[in-house]
Each structure stands twice: as C-alpha cells, then as structure tokens.
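Chemist: Between the sequences and the hints, there should be enough to build the whole structure, so can you do that?
Read top to bottom, the protein sequences are chains V and F.
Residue 2 is where the first sequence starts when you use this note's numbering, and the numbers rise one by one after that.
Residue 16 is where the second sequence starts when you use this note's numbering, and the numbers rise one by one after that.
Hint data in this document are derived by calculation from the structure and do not stem from the laboratory.
A virtual CB, placed ideally from N, CA and C, is assigned to each residue, including glycine.
Any given hint might turn out to be false.
What the hints assert, rightly or not - The list that follows gives simulated cross-link-like pairs (lysine-lysine, BS3-like), each with its CA atoms no further than 30 Å apart:
hint, chain 1, residue 1, chain 2, residue 2
1, F, LYS137, V, LYS192
2, F, LYS18, V, LYS78
3, F, LYS242, V, LYS81
4, V, LYS78, F, LYS242
5, V, LYS81, F, LYS18
6, V, LYS50, F, LYS202
Unchecked claim - Just the calculated beta-carbon pair ranges, DEER-fashion:
hint, chain 1, residue 1, chain 2, residue 2, range
7, V, LYS78, F, MET16, 24 to 32 Å
8, F, ARG82, V, ARG150, 53 to 61 Å
9, F, GLU93, V, ILE194, 27 to 35 Å
10, V, LEU115, F, TYR98, 45 to 53 Å
11, V, ARG260, F, MET43, 46 to 54 Å
As the list claims (entries may be wrong) - Covered, in the sense of this in silico footprint (three residues per stretch, anywhere, with C-beta under 8 Å from a C-beta of chain F), are these stretches of chain V:
hint, segment
12, 12–24
13, 27–34
14, 44–54
15, 57–66
16, 252–260
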Amino acid sequence: MSWNLCGIELRTPLVTASGPLGWGEEFFEIFSTRGLGLFIPKTVTYNPKIGNPPPRIEETIGGVINSIGLENEGIYKWLKLEPLYRSLDIPVMASIAGSTLDEISKLGEIINKLDYIVGIELNLSCPNVKGENWSNNPSSIFEVTYTLRKVYNKPIFVKLAPKDTPMLYIKPAIDGGADGLTLFNTFPAYKTISGGLSGPAIRPIYMRLFREVKDKVDVPIMASGGVFSASDVLEYLNLGANAVQIGTAFFKDPDIAERIYEELESFLEVKNRDRK
Amino acid sequence: MPKIYNGEIVENRPIGGLFLLTVSIGEMVSVEPGQFFLIRIDREDIILRRAFSIFDADRDKLSFLYRVVGKGTRWLSEREVGYKLNIFGPLGNSFSLDSERSLLVGGGSGMAPLYYLGKSLKGDIKFLLGAQTGSFWDRELLLRYAEIGDLEIVTEDGSLGKRGLVTQYIDNSYKKIYACGPIEMLKSIRVDIPVEGSLETTIACGFGACRGCVIETRGGEYRRVCKDGPVFNLKEIF
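Modeler: Here you go:
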C-alpha cells in the first residue's frame, strides 16, 4: 500500500508534525524511520531565532502547551543538514516561516534548488511568535502563499491555525497557490504559560473542524491534532485525510510511529482481506 | 545510546519521605552518574514522561529515589512489583569524575543522584544532606550513604543533625562540589571552588530535539537541560 501527496510517494500515511523532533539529528541517532512516510523537521526561518524565554512547556490534562518561539539557527545552518536528509529512506519536506514576504521569497528560492527536499510546509500559524501570525488574516494568507508560489516549483502545503470558520482561511491559501494543506497548528491556550495546546485534549475539536472542511476542499490534506493511536489515524483517514501528522505523541512514546504503523498495517490487511 | 526498555518493577516502596523504585530491564546497561531516565505514566490524561536521575545501577537493575509531588509520581508510587514500566534512557550528560576530594550536597530528593555519584568517585567524599525535618530520611537510606562516604545532615527544624540549611554548612576545603536540590539551594551555593549541579525542569522529548526544557545561562544563552545537562557548571548558570 502506498500513499500519495501531490506526487510525493509515501510508504505510510504517518508524517512527523514539525517541531517535537527538532531537525532530526538527535532523533535519528536513536530511532529509525520505521513507520514513517514523511519527515517534516522543525521550522526554519531566514535569520536565526533564539526562541522564547523559559519556561516553554506546561502540561495540561490530556495535553501540552508549548511556547518554543521558533528557535532555530537560520537557513544557512539548516543547509548543513543535507547529509542527514539524504541518508534517510523517507522523503523530507521543509517547514518554513518568515516575518516578511522578502524572507519567505528568499527561503523559497534557496529551498527550490535542493533536490533532497520534496516540498515546503509553510508555517503561517505558529501561535508563539508575536507579530508574525499571518494565519489570522485571509488576505495575508493569500499574499504569503502567492509569494512562495512565485519562487517555488515543488508542492507547497500551507499549515493553518484552527479557526471557527476554517474555509475563510483555507480559500486564500488555495487561491495563493497551495498544493495541499496541513490542518491544523496547535490551539492558542494559557495555563501558567501562554502557547499552543496539543495532545488528545484538542482532538475532538480538530476532528470537527476537519470534517467541516474536507468536502469543500479538493487538495490533499495532512491532518494534525492529538493523534496518539492507530484508531486516531484511522478516524482522520476515514474523514478524508491524505496523511496524518504525529507530534506530541512522540513525547509519550518516541517510537510511536512504529507502534501505530504496526497496528495500522494489521488493521488495513484485515480490511483488504474482508473486501476480497 | 538511549533505548526504550520494558522494565519490570522488582521493588517500589516508601522509604522515609521518599520512594525507592528498582526496575529490572533484562539486560546490562551502562549508566553514568547524573544521567536520567524518562518513565512513561500509563494514563491517557498524562502526556509527558517523568524524569528521574539514576540513584543506583547494578547490572540489569536500575534504581530511582523519588518524591511524590503530583499525579504522575502518585501513579508511579502505586505501581506494584511485577508491573511493566516503559522506561527510556539513559539520557543527558553526567557528572565529571575528576575530583579527589568532593563535597556532595543534596537538598530533599536531590540526594538521589549523589549516591551513584559517590560510588563512582575516587578519593574522599562527604555527603551533606538537607531536609525540612528528620522524618524525611529513613535510617536504612542514611546508612547506605554513610557506607560510602562521610555523612553530615542538616534539618530546617533541627529535629535531626544540624539546624538550618545545607548551604550554611558548605566549606571551601574541598576540590569540588557536586549539588542537586531545589533551585534556591543551588543559587545560594557561593564558593570559589568548582560546582557541578544537576538541574530539574519539565522535560518533553528528553533527547535534545524539541527545545522545550531550555534554561538561560548567565551569558544569556539557552541550554537544553535534557541534552546539554542536566549537569551544568553552576557558575555558568547562576
């Protein structure tokens, strides 16, 4: 069985959500790509970013609030990860964010030259960075996506924030040239820190949003939000997701992709057999 | 290299104000003093693993000394012998073992990593352990520490040992201080000799990837407690 995202062949529908596993150096030193179909490293920006002051993590009931603030060393250091990304036996999609259209354009031009990167996930929705959340404004979503489209030839997935009227934000991304969507980023929340909430606590909300938009959108969608088990994956796939991202669950089980895939495989096999 | 183990609890019992957990992981593992393991809490509402520094390691057995502080450690304290714990590690850096005359300062449950450290250090060692009150320690536990080094104890209420805070009893006659305990204790260690301290924060990934556990150094840089630490030269931090 294989899965396809705008021409990108995935051996499994499981994708790493950008963030929890960093850029992969530490993770792939300990764990393999088993179970995974696509790796999306943590977001990179044009210039280095030191990130938010600690504390950056707070646990809630069934969830985690994070406020990392896009810490990263900038695109030029990121390019040094090439040997790692080439060595993986799964495709790698870059995740980018920017604070100006010029930065987005420059990132797109640089990544466009990289044959080992299969596409870009445009992170418009990090809830932890002041003044850069384009996701709140439909005309900005169009403008940023269109800026990247002009310089980038491979698939663009736009990652949006969860909104009560999701089509209002999805339409400008598609009009701007997005080939696919990642729905959705973490949910803005506050406990002792202010940040993005992820984990099982948000899943029912995200499934409702997902169900609402799926029939109105004809581009591939990566679903994201509270995926912790094979049945969560199946629920999103049954709702029409083309692939499913796993993020916070890696904190509980660093080998979660492998665990879920094994379970998924036996389920999908049974389903195929029953069909015959 | 860290690994996920399916460890079987062979001991998990109260010992004074703490709990002593021993897990058999079925194979030999090499652990350095100061390193930690992440234990999965098998409850759907708890996402993050809990981090415990190694108290003792003997062939295929790992021991942890912990205090019940919230629902995660409460859950752990209720697990019985035979329960299979999902345990990930060893993680983080370790204490350096180059000192020949060392003072090991532990506040409360911060005493935990000092035992394995004390067993690994060469030369003279002295434990300086503090707690709010004497009933925090079990006699059996204090004797284990006393077997491998000199032991001085301090209680805030004066019910056992000297009265006050451990930091009042630190002297400069050692080559190095190793410390673990509450952040206020670590901050108030002001000496001219080198101080290595083990820090504690909320840990998410545990292997340096997510950048969730950073602390700010004196120089304004962010360092990852799980990967660059948990052991730091405290003079770079406070």
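Chemist: At the C-beta level, are GLU93(F) and ILE194(V) separated by a distance inside 27 to 35 Å?
Modeler: holds (29 Å)
Chemist: Under a C-beta cut-off of less than 8 Å, do 3 or more residues of the segment 12–24 of chain V approach chain F closely enough to confirm the stated coverage?
Modeler: holds (count 5)
Chemist: Against the 30 Å threshold, does the CA-CA distance of LYS50(V) and LYS202(F) hold or violate the hint?
Modeler: holds (28 Å)
Chemist: The hint says 53 to 61 Å between ARG82(F) and ARG150(V); measuring C-beta to C-beta, is that right?
Modeler: holds (55 Å)
Chemist: Are ARG260(V) and MET43(F) spaced within 46 to 54 Å by their CB atoms?
Modeler: With a Cβ separation near 25 Å, ARG260(V) and MET43(F) fall outside 46 to 54 Å, so the hint is violated.
Chemist: Checking C-beta pairs, does the segment 57–66 of chain V have three or more residues closer than 8 Å to chain F?
Modeler: holds (count 8)
Chemist: Straight-line Cα separation of LYS137(F) and LYS192(V) no greater than 30 Å?
Modeler: Status violated; Cα separation ~46 Å.
Chemist: Does the segment 27–34 of chain V contain three or more residues whose Cβ lies closer than 8 Å to a Cβ of chain F?
Modeler: It holds: at least three residues are needed, and the segment 27–34 of chain V offers 4 whose Cβ sits within less than 8 Å of chain F.
Chemist: Take a quick look at whether LYS81(V) and LYS18(F) sit within 30 Å of each other, Cα to Cα.
Modeler: Holds, at about 27 Å.
Chemist: Could you grab the alpha-carbon distance between LYS78(V) and LYS242(F) and see if it respects the 30 Å cut-off?
Modeler: Between LYS78(V) and LYS242(F) the Cα gap is close to 20 Å, so the pair holds against 30 Å.
Chemist: Given the proposed pairing of LYS242(F) with LYS81(V), does the C-alpha separation stay at or below 30 Å?
Modeler: holds (21 Å)
Chemist: Assuming the hint says 45 to 53 Å, is it satisfied by the Cβ distance from LEU115(V) to TYR98(F) or not?
Modeler: Holds - the Cβ-Cβ distance for LEU115(V) and TYR98(F), about 48 Å, lies within 45 to 53 Å.
In summary, the structure is inconsistent with hints 1, 11 from the numbered list given earlier, while agreeing with the others.
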